[in-house]
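Chemist: Take a look at the letters that make up each chain.
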Amino acid sequence: MTEVKSAADTTVPDIPTGRSRRVRGRPLLYTSYAQDMALLDTPAKRISTGLLVVLAFSLSVLLADRSLEVLAGAYVLAIGAIGLNIVTGYAGQVSLGHAFFVAIGAYTAAALSGPPGGDTIGYGVAEIWIWLPAAGLVAAAAGVLVAPLATRLRGLYLAIVTLGLVFLGEHVFKEWQSLTGGPGVGREAAVPRLFGYRLNEDGPLGTKEQVLYLLMLVLLVAFAVAARNLARSRVGRAFAAIRDRDIAAEVMGVPLTRYKVLAFGISSFYAGCAGGLLYTISGYVEPGSFSLLMSVQFIAMVLIGGVATVSGAVAGALFISLLQPLTRALPSLVPVISADTTQTPNVFQVETVLYGLLIVLFLVFEPRGLFGLWVRARNYWKTWPFSY
Amino acid sequence: MTATIGERDVSGETGITTTIVTRVRDRALATPEGVALRNKDLGIWQEVTWAAYWDRAELVAHALLALGVEPGDRIAVHSENRPEWLYADLGTVAARGVTVGLYPTNPAAEVAYLLADSGSKILIAEDQEQLDKALAVADECPDLRHIVYLEPRGIRGRYDDPRLMSWPELLALGAGHRAEHPDAVDRRIAAATPGDVMTLIYTSGTTGPPKGVMLTVGNVEFAVEVLVTGGGFTSPPPSERDLALSYLPLCHVAERAFTVWFNAAAGVQVNFAESIDTIQANLREVQPTILFGVPRIWEKVLAQVNIKQDSATPVKRLITRFWLRRADRIGDTLVRTGGRHTAGTRLLYAAGWVFCYRSLRERLGMRRVRYAASGAAPIAPDVLKFYMGIGIAMHEVYGMSENTAVATANRPGRVRLGTVGEPHPGVELKIDEATGEIMTRHPGTFAGYWGKSRATADVLDPDGWLHTGDVGELVDGTHVRITDRMKDIIITAGGKNIAPSEIENALKASPYVKEAVVIGDQRPHLVALIGIEPDTVGEWARRRGITYTTYRDLSEKPETRELVQGVVDEVNARFARVEQVKRFAFLPKELDHEDGELTATQKVKRSAIAKLFEDLVEGMYAR
Numbered sequence: 000m001t002e003v004k005s006a007a008d009t010t011v012p013d014i015p016t017g018r019s020r021r022v023r024g025r026p027l028l029y030t031s032y033a034q035d036m037a038l039l040d041t042p043a044k045r046i047s048t049g050l051l052v053v054l055a056f057s058l059s060v061l062l063a064d065r066s067l068e069v070l071a072g073a074y075v076l077a078i079g080a081i082g083l084n085i086v087t088g089y090a091g092q093v094s095l096g097h098a099f100f101v102a103i104g105a106y107t108a109a110a111l112s113g114p115p116g117g118d119t120i121g122y123g124v125a126e127i128w129i130w131l132p133a134a135g136l137v138a139a140a141a142g143v144l145v146a147p148l149a150t151r152l153r154g155l156y157l158a159i160v161t162l163g164l165v166f167l168g169e170h171v172f173k174e175w176q177s178l179t180g181g182p183g184v185g186r187e188a189a190v191p192r193l194f195g196y197r198l199n200e201d202g203p204l205g206t207k208e209q210v211l212y213l214l215m216l217v218l219l220v221a222f223a224v225a226a227r228n229l230a231r232s233r234v235g236r237a238f239a240a241i242r243d244r245d246i247a248a249e250v251m252g253v254p255l256t257r258y259k260v261l262a263f264g265i266s267s268f269y270a271g272c273a274g275g276l277l278y279t280i281s282g283y284v285e286p287g288s289f290s291l292l293m294s295v296q297f298i299a300m301v302l303i304g305g306v307a308t309v310s311g312a313v314a315g316a317l318f319i320s321l322l323q324p325l326t327r328a329l330p331s332l333v334p335v336i337s338a339d340t341t342q343t344p345n346v347f348q349v350e351t352v353l354y355g356l357l358i359v360l361f362l363v364f365e366p367r368g369l370f371g372l373w374v375r376a377r378n379y380w381k382t383w384p385f386s387y
Numbered sequence: 000m001t002a003t004i005g006e007r008d009v010s011g012e013t014g015i016t017t018t019i020v021t022r023v024r025d026r027a028l029a030t031p032e033g034v035a036l037r038n039k040d041l042g043i044w045q046e047v048t049w050a051a052y053w054d055r056a057e058l059v060a061h062a063l064l065a066l067g068v069e070p071g072d073r074i075a076v077h078s079e080n081r082p083e084w085l086y087a088d089l090g091t092v093a094a095r096g097v098t099v100g101l102y103p104t105n106p107a108a109e110v111a112y113l114l115a116d117s118g119s120k121i122l123i124a125e126d127q128e129q130l131d132k133a134l135a136v137a138d139e140c141p142d143l144r145h146i147v148y149l150e151p152r153g154i155r156g157r158y159d160d161p162r163l164m165s166w167p168e169l170l171a172l173g174a175g176h177r178a179e180h181p182d183a184v185d186r187r188i189a190a191a192t193p194g195d196v197m198t199l200i201y202t203s204g205t206t207g208p209p210k211g212v213m214l215t216v217g218n219v220e221f222a223v224e225v226l227v228t229g230g231g232f233t234s235p236p237p238s239e240r241d242l243a244l245s246y247l248p249l250c251h252v253a254e255r256a257f258t259v260w261f262n263a264a265a266g267v268q269v270n271f272a273e274s275i276d277t278i279q280a281n282l283r284e285v286q287p288t289i290l291f292g293v294p295r296i297w298e299k300v301l302a303q304v305n306i307k308q309d310s311a312t313p314v315k316r317l318i319t320r321f322w323l324r325r326a327d328r329i330g331d332t333l334v335r336t337g338g339r340h341t342a343g344t345r346l347l348y349a350a351g352w353v354f355c356y357r358s359l360r361e362r363l364g365m366r367r368v369r370y371a372a373s374g375a376a377p378i379a380p381d382v383l384k385f386y387m388g389i390g391i392a393m394h395e396v397y398g399m400s401e402n403t404a405v406a407t408a409n410r411p412g413r414v415r416l417g418t419v420g421e422p423h424p425g426v427e428l429k430i431d432e433a434t435g436e437i438m439t440r441h442p443g444t445f446a447g448y449w450g451k452s453r454a455t456a457d458v459l460d461p462d463g464w465l466h467t468g469d470v471g472e473l474v475d476g477t478h479v480r481i482t483d484r485m486k487d488i489i490i491t492a493g494g495k496n497i498a499p500s501e502i503e504n505a506l507k508a509s510p511y512v513k514e515a516v517v518i519g520d521q522r523p524h525l526v527a528l529i530g531i532e533p534d535t536v537g538e539w540a541r542r543r544g545i546t547y548t549t550y551r552d553l554s555e556k557p558e559t560r561e562l563v564q565g566v567v568d569e570v571n572a573r574f575a576r577v578e579q580v581k582r583f584a585f586l587p588k589e590l591d592h593e594d595g596e597l598t599a600t601q602k603v604k605r606s607a608i609a610k611l612f613e614d615l616v617e618g619m620y621a622r
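Residue numbers (numbering that gives the first Met the number 0), protein chains in the order written: chain A, 0 to 387; chain B, 0 to 622.
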């Protein structure tokens with residue numbers, strides 16, 4: 000009449016878990032942890048995310064090449080911002096040295112894919128599936144090397160140490176001319192080639208911009224999903240515990256050193272990959288670009304987008320990247336602002352002021368960034384007809 | 000209208016008496032993988048299939064046989080609602096034992112009384128708290144031989160009483176017994192007769208010590224046929240697709256019916272709330288389709304709506320207020336039509352659904368409620384009207400332990416507010432002409448009070464009529480309106496008969512009033528003891544910038560007195576002069592079961608209150 004199996008498991012909790020069927024129309028009723036932790040746990044999220052991805056892909060045929068180039072750059076920056084968000088947002092370790100790791104990735108990729116026997120170091124491996132992981136891994140290795148220093152420091156001290164990295168890097172890259180080509184000269188960036196097919200030229204898949212746009216979009220989706228997945232895992236929870244209070248986390252049994260090293264490693268991997276990809280669009284790397292300004296820009300993306308959220312980092316990167324073409328259009332609308340750098344006020348000054356202003360405004364009014372604005376709007380409707 | 004228990008309960012082919020046990024066993028055979036129960040543990044609603052449910056129940060039955068339980072032996076369960084409660088109940092009935100439910104809030108003294116009065120052989124205690132109560136009074140319960148505990152925390156390794164046994168040990172014992180005597184339980188089930196007493200349901204005891212109501216297999220089967228499979232409450236009848244939330248004490252007949260019997264007979268999926276404090280959250284998660292509540296719950300939810308609405312942002316407040324006023328109008332119309340929508344209300348409701356009602360019901364966890372019922376105590380019609388207005392099919396129902404909760408119900412589409420509805424089919428109901436007492440007769444009438452034959456004779460006529468102790472009248476010849484409990488009727492010094500519960504419920508319909516006790520027997524006029532609702536009044540005080548420290552301090556604020564005076568004046572306006580509350584005093588504390596002011600079902604013990612707060616009452620008359 001009944002199964003015999005029950006006799007054996009009488010000492011363990013007597014309710015079978017693991018089976019996961021959703022109960023129709025009850026989005027909050029979770030019958031297993033898998034449901035509770037699902038990335039897209041409601042139909043509404045699944046549909047809206049799907050639509051967003053479809054829209055992003057269809058933009059490659061809808062937009063002009065010029066806009067696609069800007070967006071492709073934004074996507075790469077988004078990968079870098081997600082990386083910074085992992086170490087700064089999720090794990091709470093302030094890092095001003097992100098530009099350093101981006102640079103390592105950029106030069107690893109450029110050196111690997113560059114032509115052998117030229118002015119600068121080159122190994123002639125142009126296949127993207129080799130140089131992209133390599134760029135990430137070398138940057139990650141650098142991150143892991145730096146991490147032990149960082150694990151001993153907190154807050155302001157950590158910020159200063161990572162700031163030092165940027166200056167060290169700036170000096171090394173300026174002097175190491177055989178790798179970087181030297182300041183003001185630069186070198187050719189990594190060439191994206193996939194199974195012998197060059198991705199930065201017009202081809203059967205579309206124009207150069209369309210192909211690069213699609214490449215960056217696919218990579219961004221892959222990196223973003225990986226980051227979301229990491230954030231909901233044991234590792235992600237350990238990061239959050241360290242961020243909220245490292246001593247408390249250690250007391251709970253989270254090995255601090257291991258997870259801080261891991262956070263720096265993963266974050267640097269993302270930075271390295273972003274660095275390798277970033278310059279394939281313009282095709283040219285200049286060592287002066289890896290300055291403190293770049294680190295600050297990444298910090299701005301994370302802060303404006305939203306700390307400790309992947310979608311926030313993407314939104315922040317898009318916001319910062321798209322701000323540029325918008326401000327460039329200002330002179331035609333507001334005659335007082337000049338497009339000429341020799342006059343005051345000019346677009347570039349306006350742009351710098353705008354960055355600063357935005358960071359200040361966001362920190363004062365919405366510290367959770369663009370994502371916070373979205374959460375606010377969502378909660379307004381979610382709590383309808385009440386306020387909480 | 001003759002009783003046909005024999006024919007009804009014996010299924011044609013097998014000759015085995017149908018009980019809730021055979022019903023669950025049949026479900027386990029027909030749909031072994033269907034979901035029977037869900038229990039929220041470690042943040043997850045863990046599912047129990049019918050096969051697993053029956054397996055546990057059968058193991059418990061085997062274990063009881065192994066412990067020497069004979070037909071008619073009493074097994075007490077002292078636990079919050081959880082699957083083990085049902086396993087124990089089913090296992091007991093399968094072993095032809097008698098389940099005795101104890102309220103989790105019962106203090107040790109009452110536990111002693113209940114265990115001794117019922118003569119329970121085995122006690123299933125939930126945790127250390129309940130176990131300690133039992134051990135403290137074990138000397139007064141000579142029949143108690145075994146105590147099984149469900150939660151080992153704090154018990155394992157610390158207690159060495161030889162009577163103790165953990166739940167896994169009990170199941171292991173059952174597994175061993177099953178291996179040796181695989182058909183022992185089946186033989187017991189086959190031997191069951193409709194006359195077997197299957198449970199003792201103790202009355203709440205507002206006046207004297209609780210009495211154990213003996214319900215037989217035949218009683219419960221009649222109730223199941225009328226209420227569940229016959230669709231005595233819901234229309235269409237409940238099915239496997241329905242979800243219920245189990246949160247009221249299972250030792251009460253109403254919750255037993257809505258949890259155990261609805262589940263066994265109709266396959267309704269039962270979800271156990273984490274505790275009485277998490278109902279709001281659990282309701283939102285489960286979104287049950289069938290929801291039973293006591294007036295206290297419905298009043299509390301309504302008060303929550305008012306608080307949250309008042310503290311919402313201006314735009315939301317404006318829109319919600321607008322649509323709640325419309326809901327009031329819809330409610331008025333529904334009250335007139337007996338719960339059937341007119342074209343006008345349908346249109347208005349559809350518009351309001353978009354702006355307010357859908358999300359409001361979602362927030363309350365009642366989005367998918369297709370049948371809601373209030374019972375077990377009188378409720379103010381205004382509260383019911385609110386729920387009808389926002390689109391929840393709300394019905395007041397009436398029944399008591401002594402008639403297996405089968406008496407009257409408002410039927411969908413034939414609701415008459417202020418009444419408890421029409422008698423179920425198969426129920427004879429009459430109103431005593433001299434006293435106005437409601438009397439019922441049907442196969443669900445209980446077998447008697449356990450060990451109290453004189454008390455039984457007091458309420459049960461030789462010809463089978465049950466004296467309910469409620470005074471009522473017929474409205475339009477179909478619906479029953481209950482005036483009050485017979486013994487609560489107040490006769491003022493002027494000789495006027497007054498039903499206090501009507502006035503009390505009108506007062507309690509205000510979100511600011513939690514308890515109201517109207518007093519005036521043999522007095523020149525009525526006075527009331529009023530307990531404020533600390534949540535709502537606290538919120539009200541906070542918004543007005545009135546600082547307070549304790550419950551008593553808040554009660555004694557002149558502003559609070561003004562607030563409640565307003566409520567009292569409003570209620571007084573609706574009653575005749577003699578029925579008006581002339582003075583009121585605040586209860587200095589929140590009433591509590593532990594202090595003997597409330598029964599386990601949160602009903603006020605009038606006599607205890609009158610004695611405890613005598614000085615307050617006298618003070619009101621002295622002025």
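Fair warning: there could be bad hints in the mix.
Straight-line Cα separation of at most 30 angstroms, DSBU-like style, residue types lysine-lysine; simulated pairs [unchecked claim]:
| hint | chain 1 | residue 1 | chain 2 | residue 2 |
| --- | --- | --- | --- | --- |
| 1 | B | 581 | B | 610 |
| 2 | B | 451 | A | 44 |
| 3 | B | 384 | A | 381 |
| 4 | A | 381 | B | 299 |
| 5 | B | 610 | A | 381 |
| 6 | B | 602 | B | 451 |
| 7 | B | 384 | B | 451 |
| 8 | B | 604 | B | 315 |
| 9 | B | 486 | B | 556 |
| 10 | B | 610 | B | 429 |
| 11 | B | 495 | B | 451 |
| 12 | B | 581 | A | 381 |
| 13 | B | 556 | A | 44 |
| 14 | B | 429 | B | 384 |
| 15 | B | 495 | B | 307 |
| 16 | B | 486 | B | 429 |
| 17 | B | 610 | B | 307 |
| 18 | B | 486 | B | 307 |
Hints in this document: simulated from the structure, not taken from any laboratory.
Chemist: Going through the earlier hints one by one, which of them does the structure break, listed in rising order?
Modeler: Structure breaks hints 2, 5, 7, 8, 9, 10, 11, 12, 13, 15, 17 and 18.
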